[in-house]
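Asks: The lines below spell out each chain.
Protein chains: 2
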Amino acid sequence: MAPKYRHVFATHSRQQISPFTQGAEVPSFVGFRNLMVLVLIFSNLRLMIENFQKYGVVICISCHDYRRQDVIRGLLLYLSVPCHLFIAYLIELAAAQQAKSALARMKRASEENDNEAPLKQSAARREFHTTWWIIALCHGLNASASLMIASTVVYFDIHHPGIGTLCELHAVILWLKVCSYAFTNRDLRHAYLHASTSPPLPAIYTSCPYPQNINFKNLCYFWWAPTLIYQPVYPRTTHIRWTFVFRRLLELTGLSIVIWIASAQYAAPLLQNSTAKILQLDLVSILERVLKLSTISLFCWLCGFYALFQSALNALAEIMTFGDRDFYADWWNVSSIRTYWTSWNKPVTNFMRRHVYSPLVGRGWSPSAAQLAVFVLSGVLHELCVGIPTHNVIGVAFAGMMVQIPLILLTDRLQRVKGIRGKVAGNVIFWISFCIMGQPLAALLYFFAWQAKYGSVAARGEGATVL
Amino acid sequence: MAPKYRHVFATHSRQQISPFTQGAEVPSFVGFRNLMVLVLIFSNLRLMIENFQKYGVVICISCHDYRRQDVIRGLLLYLSVPCHLFIAYLIELAAAQQAKSALARMKRASEENDNEAPLKQSAARREFHTTWWIIALCHGLNASASLMIASTVVYFDIHHPGIGTLCELHAVILWLKVCSYAFTNRDLRHAYLHASTSPPLPAIYTSCPYPQNINFKNLCYFWWAPTLIYQPVYPRTTHIRWTFVFRRLLELTGLSIVIWIASAQYAAPLLQNSTAKILQLDLVSILERVLKLSTISLFCWLCGFYALFQSALNALAEIMTFGDRDFYADWWNVSSIRTYWTSWNKPVTNFMRRHVYSPLVGRGWSPSAAQLAVFVLSGVLHELCVGIPTHNVIGVAFAGMMVQIPLILLTDRLQRVKGIRGKVAGNVIFWISFCIMGQPLAALLYFFAWQAKYGSVAARGEGATVL
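These protein sequence lines are chains P and C, in that order.
So in this note's numbering, the last spot in the first sequence is 467, and the numbers never skip.
So in this note's numbering, the last spot in the second sequence is 467, and the numbers never skip.
Hints are supplied without guarantee of correctness; some may be wrong.
SDA-like cross-link-like pairs, simulated, lysine to any residue; straight-line CA separation at most 20 angstroms [to be verified]:
| no. | chain 1 | residue 1 | chain 2 | residue 2 |
| --- | --- | --- | --- | --- |
| 1 | P | Lys54 | C | Gln280 |
| 2 | C | Lys107 | C | Ala191 |
| 3 | P | Lys277 | C | Lys54 |
| 4 | C | Lys277 | P | Asn51 |
| 5 | C | Lys217 | C | Ala195 |
| 6 | P | Lys107 | P | Leu193 |
| 7 | C | Lys277 | P | Glu50 |
| 8 | P | Lys453 | P | Ile394 |
Hints were generated in silico from the structure; no laboratory data involved.
Since the structure is predicted, the reported quantities are computational estimates derived from the model, not experimental observations.
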């Protein structure tokens, strides 16, 4: 045996410090990220097993009880709502005719160059002003009627909250489109009549100047385009990639099924056995229920976000060869709640910025007052979309939007903290306030209000769809 | 009112694609990392509320029933085990004396340069060889006796598994220290006797050459130093930073309390209500219990790792002015299970490499055979540390170590996959096999074996400490 002195090797030959000790090179923690993902998966897998052991399979297609008249009324509403867009079109058609003749008269007056020209021009302008008010009134009545009718029908005549939500959302979207159509064409008409004194219009509009844009095809494109903002011309793609459309629709279908299963199997029993706790005002138990609900509502929210803003809107945009797919930004990284509201739902943000915020600031409002107005309007729309279909306008959704304002002030202040900490703190506040506490609490309250109104019998069949 | 054409602004002015669409610039997902941390915190907060609602506060200091004789026997064992290190010292002292005289005789023989010199030298060598065997026998008997006595006492006479684990761990650590002391000094002695033909010793040892290192102070330093490897000389720091020691001890205390609360409040009820499911062999329920246990065992494991390898060993090293604090590497990032076993517990890894793996390879064993030997020895030691104190040598801990071998082969193969995926897959396999499934399953089985042996009466008081 040749001794090789294996046993005397100097393992400890130099000074070293442990990785976690201050002063050591900070080690990578990527493994812990993997661990977090795994723990999330496995702990939810466990909850799924627990749920199965308690309730068995709750999901059931045939036993989903919606009333036949709900479906019929919903379909009728779905068909009738776009009519208001056509009425807006007719109003604009008349306005364009009127503007064309007014412009012709003004031109004639300036060509004749007689002494009465200023008089005639001022008469034409006065007439235009009167027309302006009439048009505004017509649009206002039309748009308001659209939203009022839809909300009334949903509130009083559609019992099923799922069908109601779809109808109400559709009505709100169309209402926003009507508003944008009216506002944009008003400004376009004004620019048309005051060509000499007005600032230039966006370059993209030159291929379809006013009043050429007031035509049925243009309107129908706006009707179906995945935007709430009317533009005579949009950036367009050259062709439809059908595989892209197919993939997006596949995602949409898959995610819809996943959300349905998640809410029927996991959220529904949870909501149902939490009503007793709300009645007793047992705060610790309510907190426990809210926290348990938060995971499932967060999951549904993320799936729903992807299904709507990535899958559905992209599929629609592809079919419409609509070029600007900027439907959302990376809202999950936001460190300020202000940024969240301007990046998660860009179609609505764009509408609010173009048709509410900017005009108000242009009229001399302060930016913060204009922002407040945007949040109030947004709160009203949120309450409409949640309160009307659940037949309980309890103001929780509105209050939820109003709470954003102090949160924005808080996270704005955190933004100014140097380094990464303020950013992380802002992001954490966003997630906690919005997804972990805010949403499940709101879902619980609307479900409770529904239960209080219709009793547990109605809830048994339809509770699942409230979320 | 000056019209500013706010409503005609071209929001959609260019083609854009959505962030999640293929071809888009991949957005940062740092916000989702924050969300994962939050969901983990809040879902466990919920489980804590649920646990409190079910069981109330289970933690109780005064009602912790350990037997008085367990404490006395444990203390006696704690005091007696280091004696074997002193016996090893006495053996080495005798060997060093013998080596000194042998060297003197050899020197005299070569100086006299007479004809009988080769004869005398060979006689001296023969005598040395005999002594070598006697010393090896003495060390073997001493070390074996140390481990045998401790294990027997713990198995038969210490009922409380917590006290038993502490005693058994202490005995194993001292056994490893005795082995290292014997092996290292054997090689040092050999080098001392064959100075002319032997390769040079590590440079760090020159300040304390053999046989000067065989003294009581040197032994006592090795006894308390945070290493299992004997070296005559270690890298040392210049002074003790008492604030550093204080902080580490504070961490150790805090984490110990946290682990105690976690196991008493969360693991104990869980383990107790899972025995029925194991008896019924209800596999789905067992899986559910294992998954529920995994979070708490993972938490305890991570806290325990930090408490032992960062806090305790660093505090001890600081007090001993021990310079090499390389007690662990970033094992949480490992993509191969082989790397895990060489980086989470460096004191044991160093021992295995220096005193088992290298010598075996030096004797001509293949590296994989030597590794197998290391894992078998490690498995035996794991079984000793878990099976003996729980009075159930059921072989699960040993089997757990043996299962590592196919897992190592699997993750080694994954390592060769190009790109990041193989690495992530390896890391995921490590976490699942070790922390999510392996540990809680082992804890459950030992707890069940304990219950089967002592019945539920014994378990009520002491189940908490099994984990």
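Asks: For every hint, state whether the structure bears it out.
Replies: Now for the hints, and whether the structure bears them out:
1. P:Lys54 - C:Gln280: 18 angstroms, holds
2. C:Lys107 - C:Ala191: 15 angstroms, holds
3. P:Lys277 - C:Lys54: 15 angstroms, holds
4. C:Lys277 - P:Asn51: Given pair C:Lys277, P:Asn51 holds - Cα atoms ~17 angstroms apart, limit 20 angstroms.
5. C:Lys217 - C:Ala195: Since the Cα atoms of C:Lys217 and C:Ala195 sit roughly 26 angstroms apart, the hinted pair is violated (cutoff 20 angstroms).
6. P:Lys107 - P:Leu193: 10 angstroms, holds
7. C:Lys277 - P:Glu50: Within the cut-off at roughly 14 angstroms; holds.
8. P:Lys453 - P:Ile394: Given that 20 angstroms is the threshold and the Cα spacing comes to 12 angstroms, the pair holds.
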